[in-house]
Each structure stands twice: as structure tokens, then as C-alpha cells.
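Colleague: Listed below are the residues making up each chain.
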Amino acid sequence: ETGVTQTPRHLVMGMTNKKSLKCEQHLGHNAMYWYKQSAKKPLELMFVYSLEERVENNSVPSRFSPECPNSSHLFLHLHTLQPEDSALYLCASSPEPGTGADTQYFGPGTRLTVL
Amino acid sequence: GQNIDQPTEMTATEGAIVQINCTYQTSGFNGLFWYQQHAGEAPTFLSYNVLDGLEEKGRFSSFLSRSKGYSYLLLKELQMKDSASYLCAVRDGDYKLSFGAGTTVTVRA
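Protein sequences, first through last, are from chains A and B. For the first sequence, this note's numbering gives the first residue as 1, with consecutive numbering after it. For the second sequence, this note's numbering gives the first residue as 1001, with consecutive numbering after it.
Some hints could be false.
Claimed, not checked - Only pairs whose alpha carbons sit at most 25 Å apart, straight line, appear in this in silico SDA-like list of lysine to any residue:
no., chain 1, residue 1, chain 2, residue 2
1, A, K41, B, Q1019
2, B, K1076, B, Y1048
3, A, K36, B, N1030
4, A, K40, B, T1026
5, B, K1081, A, T5
6, B, K1096, A, S38
7, A, K18, A, H77
8, A, K36, B, L1046
9, A, K41, A, L88
10, B, K1068, B, D1094
11, A, K22, A, T7
Said to hold, decoys possible - Covered, in the sense of this in silico footprint (three residues per stretch, anywhere, with C-beta under 8 Å from a C-beta of chain B), are these stretches of chain A:
no., region
12, 13-23
13, 30-41
14, 70-77
15, 94-100
Stated by the list, open to error - Non-contacting residues of chain A with respect to chain B, defined by C-beta distances greater than 12 Å in every case (computed):
no., residue
16, P8
17, H26
18, N58
19, E67
20, P83
21, D85
No wet-lab data here; the hints were simulated from the structure. Just so we're clear, the structure is a prediction, and the values are computed from it rather than from any experiment. Don't be surprised by glycine CBs; every beta carbon is placed ideally from N, CA and C.
Using the sequences and the accompanying hints, generate a full structural model.
Modeller: Laid out in C-alpha cells, this is it:
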């Protein structure tokens, strides 16, 4: 599925840096998601936006700040991260949340390393 | 809380069949999904079950028993390209997918 793109694909940052991850979906979907995937751990849902409104916020530290300017774009702003935040950050989108077979489609992820 | 269990690793021979089990205990249930994830790549959707029974899609089939909190993914006629991690996920409500840690399947020649 190439309908969800993420940039950058790899990012190395220091703990004092500020950076942003970008996700774009070309599928006309209504909902977008941020997940964190750490080694040998389940994917953890971080944020959900539906029609540009945040609908889920799963106890994520404030050093992660999402932004959804429109239904096609999603950002994750990062500041003063910790080494344990190093992980693969995956973006996903889905067409019609709340309907039967609504399926999430994932982007390739951004591999983040915090030094 | 959500609890989704699946085996960590499985190994099988090319051409064989492998069954990956998933058990779940979740506060709600609104469908179960299986995804395939090759190393360094995005998870890709394989199957969806919301009613009890078997869903077949080519070489892959998925089964669900809601009363038992149990699902399995069946991979038939294994090919080398099937070597990947397989993720079981339960949807609770409209948006939230809770994932298992994934099962790494290695296909040997």
C-alpha cells in the first residue's frame, strides 16, 4: 500500500533538538493515526484524528505534539525527547472509522534514534 | 486493559502450512485484524473477522471464535516471501486497534 507516505524515513536527533515527522495520505480517508513501535513490543496507539479533530489521546508525554491541518496531512512534533523514545513511528489512515470493516493502512514509518 | 497474546516465533518449511494463534481479552470487541509486516516495512492488511467462522483469501485464511476470545491465521503453501512478522489486532470501539507483539514466521527451504 503506497497511499500513505512518511518523511523522513530515518531521523537521528539529540535530546535538546526539535524536529517534526510528516505523514501524508493520498487515499481520501477521514481518519489518521500515529503509532509507536518499539523492538519486540506491540504497536502502541498514540493519537487519532477524525476529520481533523483529535479523538484519542492515549496518555502520551507532552514532548510529543500532534497536528492535523487537514484530512490528508498529519504531523508529530518532537521536542526534548529521551533515548527511550527511539522507535519506529508509524502513521496510518482509515476511510470510515466507526463503520464495519474500516481498515487502517500504514505508512512505511520513520525510524527515530534519540542520542 | 487489553491483553492480546500470540507466539513469538514459528518456523516452517516451504510448501507447508502454518497456523498462528491469537487469544485476546479486551474491554470491547469490534473486529479482529491480521497484518503482515516484513522487516523494516509497513504493516500490510491481510484479513478482518467480526463474526465467528472462517474467512478465506487465497493462501491465507483467518478464523474467529468470539466466545473463546480466539483467532488464528492459517498460511498455506508457504513461500519464502511469507517470512515476516504477523500481527493480531483487536478493534475496541470506533478507532482503537490493540496489537499483539507479533509472531515472526521463518520459512526454510
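Colleague: Now tell me if each hint is right for this structure.
Modeller: These are the hints, each one checked on the structure:
1. Between the alpha carbons of K41 of chain A and Q1019 of chain B the distance comes to roughly 21 Å, so the proposed pair stays at or under 25 Å and holds.
2. The straight-line distance between the Cα atoms of K1076 of chain B and Y1048 of chain B is roughly 18 Å, inside the 25 Å bound, and the hint therefore holds.
3. Annotation: proposed proximity of K36 of chain A to N1030 of chain B holds, straight-line Cα distance about 22 Å (limit 25 Å).
4. Taken as a hint, the K40 of chain A and T1026 of chain B pair is honoured in the structure, with Cα atoms around 21 Å apart against an allowance of 25 Å.
5. Of the supplied pair hints, the one linking K1081 of chain B and T5 of chain A holds, its CA atoms being roughly 23 Å apart against a limit of 25 Å.
6. A C-alpha spacing of about 18 Å is found between K1096 of chain B and S38 of chain A, which places the hinted pair at or below 25 Å, so the restraint holds.
7. For a cut-off of 25 Å, the pair hint linking K18 of chain A to H77 of chain A stands: about 7 Å separates their Cα positions.
8. At roughly 20 Å between alpha-carbon atoms, K36 of chain A and L1046 of chain B fall within 25 Å of each other, so this suggested pair holds.
9. Of the supplied pair hints, the one linking K41 of chain A and L88 of chain A holds, its CA atoms being roughly 11 Å apart against a limit of 25 Å.
10. Simply put, K1068 of chain B and D1094 of chain B have alpha-carbon atoms about 22 Å apart, close enough for the 25 Å limit, and the pair holds.
11. Taking the CA atoms of K22 of chain A and T7 of chain A, the gap is near 5 Å; set against the 25 Å cutoff, the hint holds.
12. Against chain B, the region 13-23 of chain A contributes 0 residues with a C-beta closer than 8 Å to a partner C-beta. That does not satisfy the three-residue criterion, and the hint is violated.
13. Closer than 8 Å: that is the beta-carbon criterion, and the region 30-41 of chain A has 4 residues meeting it against chain B, so the requirement of 3 holds.
14. Beta-carbon proximity to chain B at under 8 Å applies to 0 residues in the region 70-77 of chain A; the threshold of 3 is not reached and the given coverage is violated.
15. Proximity of the region 94-100 of chain A to chain B, defined as three or more residues with a beta carbon under 8 Å from a beta carbon of that chain, is established by the 3 residues found.
16. Listed as outside the interface, P8 of chain A is consistent with that label: its C-beta sits roughly 15 Å from the nearest C-beta of chain B, beyond the 12 Å cut-off.
17. Non-interface call for H26 of chain A relative to chain B: holds, since the shortest CB-CB distance, roughly 14 Å, exceeds 12 Å.
18. Listed as outside the interface, N58 of chain A is inconsistent with that label: its C-beta sits roughly 8 Å from the nearest C-beta of chain B, within the 12 Å cut-off.
19. With a cut of 12 Å on Cβ distances, E67 of chain A stays outside the contact zone with chain B, its closest approach being about 18 Å.
20. The non-interface label for P83 of chain A is consistent with chain B: the shortest C-beta to C-beta separation is roughly 21 Å, beyond 12 Å.
21. Distance to chain B confirms D85 of chain A as a non-interface residue, since its nearest Cβ pair spans about 19 Å, more than 12 Å.
The structure is inconsistent with the numbered hints 12, 14 and 18, although it conforms to all the rest.
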